[in-house]
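Using mature numbering (1 follows the signal peptide of the UniProt record, and there is no 0), the letters of the sequence shown map in sequence onto residues -26 to -1, 1 to 194.
Since the hints were derived computationally from the structure, they do not count as laboratory data. Mixed in with the good hints, there may be bad ones.
Said to hold, decoys possible - Here are the simulated BS3-like cross-link-like pairs (lysine-lysine), alpha carbons at most 30 Å apart as the crow flies: (1) 165 with 176; (2) 165 with 150; (3) 122 with 76; (4) 150 with 169; (5) 191 with 150; (6) 135 with 47; (7) 176 with 135; (8) 165 with 191; (9) 55 with 76.
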Amino acid sequence: MNFLLTWINWGLAIVVSLSTVQVTRTAPTLGGHKPTEGPRDSEAVMDGYRTLDGCGLHACRFFPHAPVVPFYKVFEQSVCKVRETMVDVYQEYPDDVEFIFKPSCVPLMRCSGCCNDETLECVPVETYNITMQIMSIRPHINQNIIDKSFQQHSRCECRLKRDVISKQENHCEPCKERRKHLFVQDPLTCKCSCKYTDSRCKTRQLELNERTCRCEKPRR
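With these hints in hand, go ahead and build the complete structure from the sequences.
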């Protein structure tokens, strides 16, 4: 009897063990993927996880944990300075409309960046010319490699914008006197003064009234 019970217990143990192995092999992992050994399958699993995270496939593949760019680097890259800029050839040669240029844009060193003041802009203060070879095409006629001159910047500064300068030059309110044609205004001080001088009035045997800026008969 004991011998029979022993065989039954051994049989149950074997059945349970086999069932556990089968469940382990067939059970899905996180994201519905089965465990695999090959490198391609492994990357597919990782791509699935990344897609579930809401990250673009290629961005996550090459930058799975993209770092935050620190403030000092952002600020350093944003300042007004000379940097390589792609410039449209037609922007430099707007009258050459009958030609097609290849390439249509060229890399030039140009001023760009922020001045951290709305009244200022990044402008070049030193420039020089560089000659580049590009292809000039006249459709159905010919095409040639030609030399084109382009301006490059070597030094930049933050300076007042043109519209700000214009406003500053015209910041004075007009003279409030009734006969405005008799007055002139100093653009720096905005002060209104008489257009005619006392000596001019005296040539007509008159004297200047500084309040009205008119030549009047002298008082007796």
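To see whether the hints hold, each was checked on the structure:
1. 165 with 176: Roughly 24 Å between the alpha carbons, so the hint for residue 165 and residue 176 holds.
2. 165 with 150: Distance of about 11 Å is within 30 Å: holds.
3. 122 with 76: 12 Å, holds
4. 150 with 169: Holds, at about 14 Å.
5. 191 with 150: 25 Å, holds
6. 135 with 47: Holds, because 27 Å separates the two Cα atoms, which is no more than 30 Å.
7. 176 with 135: 47 Å, violated
8. 165 with 191: 26 Å, holds
9. 55 with 76: Holds, at about 28 Å.
This entry does not satisfy hint 7, going by the numbered hints stated previously; all others are met.
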